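J.: For reference, the chains in residue letters:
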Amino acid sequence: MRVLIPGISGGIARRLALRLRDSGHQVAGIDIRPWRDAPKGIEVHPVDVRKRAAEDVFRRWKPEAVVHMATVTAFTVPGGERGRINLDGTKALFDHCATHGVKQVLFVGRHTFYGAAPDSPLYHSEDEPPRALEAIPELADLVAADLYAATALWRMPDVTTAVLRLVYTLGTPGTGTLANLLRGKRVPMVLGYDPLFHMLQEEDVVTALQLALEKKVRGIFNVAGPPPVPLSVIIKGTGRTPVPLPSALLSVLMGRAGFPRLSVGATDHLRYPIVVDNKRFLEATGFQATYDEGRILRAYADALPVDRAGHGG
Amino acid sequence: MGDAGPPCKAHARCYGAPVPQSESLSERVERLQLPFNEYGVDPYGISKKHLKLALEFFAFLYRNYFRVRCTGVQHIPKTGRGMLVGNHSGGVAVDGMMVLTSTLLEMDPPRLAQGMLERFIHKFPVASLWASRTGQFTGLPEHAVRLLEDDRLLMIFPEGARGTAKLYTERYSLVDFGTGFIRLALQTRSPIIPFAFLGGGAAIPTVTNAYALGKLLGVPYVPLTPYLLPLPLPVGLEIHYGPPLVFEGTGDEEDHVIQGYVDQVKASIQRLIEDNRAERHLRRTRRLLP
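Going line by line, the protein sequences match chains A and B. Be aware that the first sequence starts at 1, since it is given in the numbering used here, and climbs by one per residue. Be aware that the second sequence starts at 1, since it is given in the numbering used here, and climbs by one per residue.
I should point out that these hints are in silico values taken from the structure, not numbers from a laboratory. Nothing here was measured: the structure is a model prediction, and the numbers come from that model. Worth double-checking, as some hints may not be accurate.
What the hints assert, rightly or not - Under the rule of at most 27 Å between Cα atoms (straight-line distance), these lysine-lysine pairs were calculated in the DSSO-like manner: (1) A:40 to A:103; (2) A:216 to A:91; (3) A:62 to A:91; (4) B:52 to A:279; (5) A:236 to B:215; (6) A:40 to A:91; (7) A:62 to B:123; (8) A:185 to A:91; (9) A:236 to B:78; (10) B:78 to A:185; (11) B:49 to A:236; (12) A:216 to A:62; (13) A:51 to A:62; (14) A:103 to A:236; (15) A:62 to A:103; (16) B:52 to B:78; (17) A:103 to A:185; (18) B:78 to B:48.
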């Protein structure tokens, strides 16, 4: 299969590209970020997905499947630009897929879409509306991109579209929202709360994406690994020290005194759980995570011990 | 109904429980048949560590402060799904706490009753944490269905917040029941184990409920007692479980059918209250006589 991966220079996308190539697929990617030592057999096009040059890649390379990983989280890119990447980029990609006969699209989204609230169900199903916007307006463009991708299910009936809502990734490169939270020696918590966190090791993320692609799943799916564990367990399990702080003080200290930078609304994620029901995905693909919660935490602690992580490892 | 069973000789205050009292509380938590992971946490976030600490406190209240008399635990399934459905008694959650403690202390093997809480609980720090870690979740249909399909034991008070608002003079009455629990039982094919909770009204003798103060604090109301604060008095409490009620259906029945089932459950609980209330009165009278 000819698979195009927009956002190919990201950590997970690179691993996916290698895995797909090794499984016999032809792989190419689009990303304005460089992948300097991209291995043989993987074409990387250094273009912006929103620009005409990206459409030329579709026209010339004729991908059969697209794995859209060119979205950014609320905390890595400032507001306006983030909206343009997530929304305009997603729209452009789906337009190119429709125009150039792509048969299958995977949109890689996030489980934070469901939002964290005191009265929401512990396990979120795919049929639930997005509540993230109430507490974290910074997630609006990601939620909108997710919903736009889902409209392809009826707008583009000839294309097999799957929207995958992945839980937090925790792996050895130490990238991603949860990994950033755990980067320092001391990790903040909201005093009086200890929410459950769902996580998936990056190799398992790659496996899940490959399965979704090869099984040609269609629809909206939550993708999770082992059962969720409390944040305090994650912090201690990775060799860090939990620091419970009143939420008002925490809001002031975010990004200061060695604490990670999070948006103000994100403190709700430190109060209430966002946990997903992944039954639908398991049934559709037979996916089974190889890393349990203990192995994920130990692997992270080994790869990023506190000293190394504290120096930006 | 309300079979007392033989009194437990090993513990003078234990009624109808064949469970050896020599077993430590920690061992009882260890014996819970829940899928705890290596960190002692189950997929719902229930934590052995928190359960053990909570049980230390609850068991003290259960055995020494409220001297709870519990009968009919043999009606609760030892494994598999079930719904404990009973009356609210007392202005704060003493009834839920003691029911939860009764299944942990009196059943063999012990089981964890998981309550369906009012929505406001999880808004509060510490309360939210402890409720979550001991398996007490917001009363949402999604939670109830999932837990029952996972073969858990649910604890439901169908009177809701109106039930805890009962005044001292109304302590043995039942207010209107919701109907959702019956549809839930039918949909998940779960047996309903009715229970009567007696004594909560005397332990927390509510003379009035301060609704304005409650609104200020973010709760439905604050029960006020003759001594103002709703702190429970050391009054003997009773929990009486009745034989399971099993209804046939899909949960999509007409309202009048569902209401008929609700009335049967309500009548069963009322009967347990009345029968045991009479016995409770008799026992107290005997105790006062020379």
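J.: Could you run down the list of hints and mark each one as holding or not?
T.: Here's how the hints hold up against the structure:
At roughly 25 Å between alpha-carbon atoms, residue 40 of chain A and residue 103 of chain A fall within 27 Å of each other, so this suggested pair holds. Restraint check for residue 216 of chain A and residue 91 of chain A: satisfied, since their Cα atoms lie roughly 21 Å apart, inside the 27 Å limit. Distance check on the hinted pair: residue 62 of chain A and residue 91 of chain A sit about 18 Å apart at the alpha-carbon level, within 27 Å; holds. The suggested pairing of residue 52 of chain B with residue 279 of chain A is violated, with an alpha-carbon distance near 31 Å, which exceeds 27 Å.
This hinted pair does not check out: residue 236 of chain A and residue 215 of chain B have alpha carbons roughly 38 Å apart, beyond 27 Å. With a C-alpha separation of about 30 Å, the suggested pair residue 40 of chain A and residue 91 of chain A falls outside the 27 Å cut-off, and the hint is violated. For the hint pairing residue 62 of chain A with residue 123 of chain B, the CA-to-CA distance comes to about 52 Å; that exceeds 27 Å, so the pair is violated. Proximity of residue 185 of chain A to residue 91 of chain A is assessed by CA-CA distance (about 40 Å); at most 27 Å being required, the pair is judged violated.
Under the criterion of a C-alpha separation no larger than 27 Å, the hint pairing residue 236 of chain A with residue 78 of chain B is inconsistent with the structure, at around 35 Å. Only pairs whose Cα atoms come within 27 Å are accepted, and residue 78 of chain B paired with residue 185 of chain A is rejected, the gap being roughly 45 Å. Between residue 49 of chain B and residue 236 of chain A the CA atoms are separated by roughly 15 Å; this keeps the pair inside 27 Å, and the hint holds. A threshold of 27 Å between alpha carbons decides the hint, and for residue 216 of chain A with residue 62 of chain A the separation of about 18 Å falls inside it, so the pair holds.
For the given pair, residue 51 of chain A sits about 17 Å from residue 62 of chain A by alpha-carbon distance, which is consistent with the 27 Å threshold. Restraint check for residue 103 of chain A and residue 236 of chain A: the C-alpha separation of about 45 Å exceeds 27 Å, so the hint is violated. For the proposed pair residue 62 of chain A and residue 103 of chain A, the alpha carbon gap of about 10 Å is at most 27 Å, so the pair holds. Restraint check for residue 52 of chain B and residue 78 of chain B: the C-alpha separation of about 20 Å stays at or below 27 Å, so the hint holds.
Between residue 103 of chain A and residue 185 of chain A the CA atoms are separated by roughly 46 Å; this puts the pair beyond 27 Å, and the hint is violated. Taken as a hint, the residue 78 of chain B and residue 48 of chain B pair is honoured in the structure, with Cα atoms around 20 Å apart against an allowance of 27 Å.
Checked against the numbered hints above, the structure breaks hints 4, 5, 6, 7, 8, 9, 10, 14, 17 and satisfies the rest.
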